[in-house]
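**Q** Protein chains in written order, with our numbering: chain Y, 1 to 160; chain F, 1 to 160; chain B, 1 to 160; chain H, 1 to 160.
Everything labelled a hint here was simulated from the structure, so no lab data went into it. Values in this document were obtained by computation on a predicted structure and should not be read as measured data. Among the hints, a few may not be true.
When chains are identical, the list treats them as one kind, so a pair holds in a single copy or across two.
With a Cα cut of at most 16 Å, we get these calculated EDC-like pairs of lysine to aspartate or glutamate [what the hints assert, rightly or not]:
#	residue 1	residue 2
1	Lys115	Asp133
2	Lys45	Asp130
3	Lys115	Asp134
4	Lys99	Asp134
5	Lys115	Glu12
6	Lys99	Glu119
7	Lys86	Asp40
8	Lys115	Asp40
9	Lys19	Asp133
10	Lys99	Asp47
11	Lys99	Asp133
12	Lys57	Asp134
13	Lys57	Asp130
14	Lys86	Asp133
4 protein chains.
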Amino acid sequence: MTDTTTTPAEQELVARWQKYIHASPYNRELGVLPHAAQPDWFVLKIDYQDFLVGDPKTGVIHGGVITALLDAACGFSIFMKLPELKPMATLDLRMDYLKPATPGRTIFGGAVCYKLTSELAFVRGAAYHDSPDDPFAMAVGIYMFTSGRPVITEKVGGMQ
Amino acid sequence: MTDTTTTPAEQELVARWQKYIHASPYNRELGVLPHAAQPDWFVLKIDYQDFLVGDPKTGVIHGGVITALLDAACGFSIFMKLPELKPMATLDLRMDYLKPATPGRTIFGGAVCYKLTSELAFVRGAAYHDSPDDPFAMAVGIYMFTSGRPVITEKVGGMQ
Amino acid sequence: MTDTTTTPAEQELVARWQKYIHASPYNRELGVLPHAAQPDWFVLKIDYQDFLVGDPKTGVIHGGVITALLDAACGFSIFMKLPELKPMATLDLRMDYLKPATPGRTIFGGAVCYKLTSELAFVRGAAYHDSPDDPFAMAVGIYMFTSGRPVITEKVGGMQ
Amino acid sequence: MTDTTTTPAEQELVARWQKYIHASPYNRELGVLPHAAQPDWFVLKIDYQDFLVGDPKTGVIHGGVITALLDAACGFSIFMKLPELKPMATLDLRMDYLKPATPGRTIFGGAVCYKLTSELAFVRGAAYHDSPDDPFAMAVGIYMFTSGRPVITEKVGGMQ
């Protein structure tokens, strides 16, 4: 599974996604940005910033930032598989921390919804610098479609 | 398991812990504060702030904030069981999201290290508003002691 | 949390549960037996048997047996909280292996459903020899109520 | 990721692995057999047997059997990446149950060790009937190398 460069079509998708990502104040605060959007691999990114650091002696980004990035990527990877947005909530999320993120480097968080039912979405994702084949963290989770109000309510024509 | 009020002894512990918690820029950014410190239940808190919100329509705090809070509480719950600080890293963390946090309310994250070996620490925690018996999120994780440099290097006399 | 001795009332409950447990051929094969049934702690047990061993050099029971025991205990702990049986399925299950089970000893698997909604049950359990306060394995999981046929269809009067 | 047919070379590997798999009495009891062995995808299988059933009304195999199969596949996937066998233990294992296994059909459990350090092995696996691209269960776990005695002590020349 290799990461994709942004084609013009994807740049358009990316431009479209940014307002949805920033509908969440917390994603705005962290500086989460869209990077690429394929049906089977949706990627967000966070540029390195000092206030995101967990350990000031090493400069390594806090694990909670990685989790937030992957949780968001997982959510959007589900949207990529839906004909229209549905409200949903994270049921559970497992994070495996393989090694520290590299201080100073941009963090990419990619995810794919690998199983979708009328009620549930099973997702997995990876956090990396260069390639999802060399991740520093992995995520696995289950999301459930709810009857609440979705975060994003504007109708999005042609999610994919 | 009920939450404890802060006795003078615990207030002293709390005052001591604040500089260790804020050794992490990200914890400072989120506004993580110590709340109570018992050997079997270490509690951090985050007051509600608009920039922590995940869903602007509901005002519910972003799940990534809850994860960061519980990850920190888990780490400190391990310190409560050690005679002296040892460098460690999170191997994995599972978060169960039972219900949304209540908008506007302070979030408490408590944790306990329930199994400790020379190499590993098994932890669990809960995020709640009123009592850990009514949590809105749960955490379970495994941390490993490493040979790296710890986040906190000043010698802490009498961890407990 | 201490384990309970079986009172006459619980012996009756245990006698009632055995046929439900053995409705599953696999539970029969493993030799799963009911041990105690409280609303907040339902306990099954498996006596040590050579064919359950994972490592013949140590005689330690295979981890898959522990998982099957805890999965069953979790399921029944949910039934303890329901007015009547509902079909359900395991969504996910996390097992933490703290130390090996002791060869030769009976294994107890206790569980509690700590959060119940109309759609989901959040459960946790522990596998132990002497006390759930000294577990050798822990389980955390989420079950979902489905529209399929339940394993147990006879009407059970007074589940608790 | 598609499943592989057994070439003569792999048939030889499979013949070699059977005695290691059956070193575990429990794997023998379940009828676990080797199916294919690639460095990045090690596959075990269990043929359908009535005593493995969890729900007698549907004939669906018990989830604990799936877990045992995937736990074993994960362990062997780690051996595929080691120059020589090292003792190890499962730290934790997460199982996602996507849908029921199909009654009557052989179950395949494949796994890959996707990250290896001197102390840890991070693994993931899938249980399926036809292809790992259409799994009915997924596994993610962390194993730790220990100082105990390995299950398999005969020296295995050329693990791969």
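**Q** Against each hint, give a clear statement of whether it holds in the structure.
**A** Evaluated hints:
1. Lys115 with Asp133: Intra 21 Å, inter 10 Å, cutoff 16 Å: inter-copy only.
2. Lys45 with Asp130: For Lys45 and Asp130, the Cα distance is within 16 Å only inside one copy (12 Å; across copies 35 Å).
3. Lys115 with Asp134: So Lys115 and Asp134 pass the 16 Å test across copies only (9 Å; inside, 23 Å).
4. Lys99 with Asp134: within (10 Å within a copy, 30 Å between copies)
5. Lys115 with Glu12: Neither way: Lys115 and Glu12 sit 26 Å apart in one copy and 35 Å across, limit 16 Å.
6. Lys99 with Glu119: Classified as between; 12 Å across copies, 34 Å inside a copy.
7. Lys86 with Asp40: Neither, since 18 Å and 35 Å both go past 16 Å.
8. Lys115 with Asp40: Result: close within a single copy only, 11 Å intra versus 22 Å inter.
9. Lys19 with Asp133: Cα proximity of Lys19 and Asp133: none, with 29 Å in one copy and 33 Å across.
10. Lys99 with Asp47: Classified as neither; 18 Å inside a copy, 31 Å across copies.
11. Lys99 with Asp133: This pair counts as within: shortest intra-copy Cα distance 14 Å, inter-copy 28 Å.
12. Lys57 with Asp134: Neither, since 24 Å and 37 Å both go past 16 Å.
13. Lys57 with Asp130: The answer is neither: 24 Å in one copy and 35 Å across copies each exceed 16 Å.
14. Lys86 with Asp133: neither (31 Å within a copy, 25 Å between copies)
When the structure is compared with the earlier hints, violations turn up for hints 5, 7, 9, 10, 12, 13, 14 and for no others.
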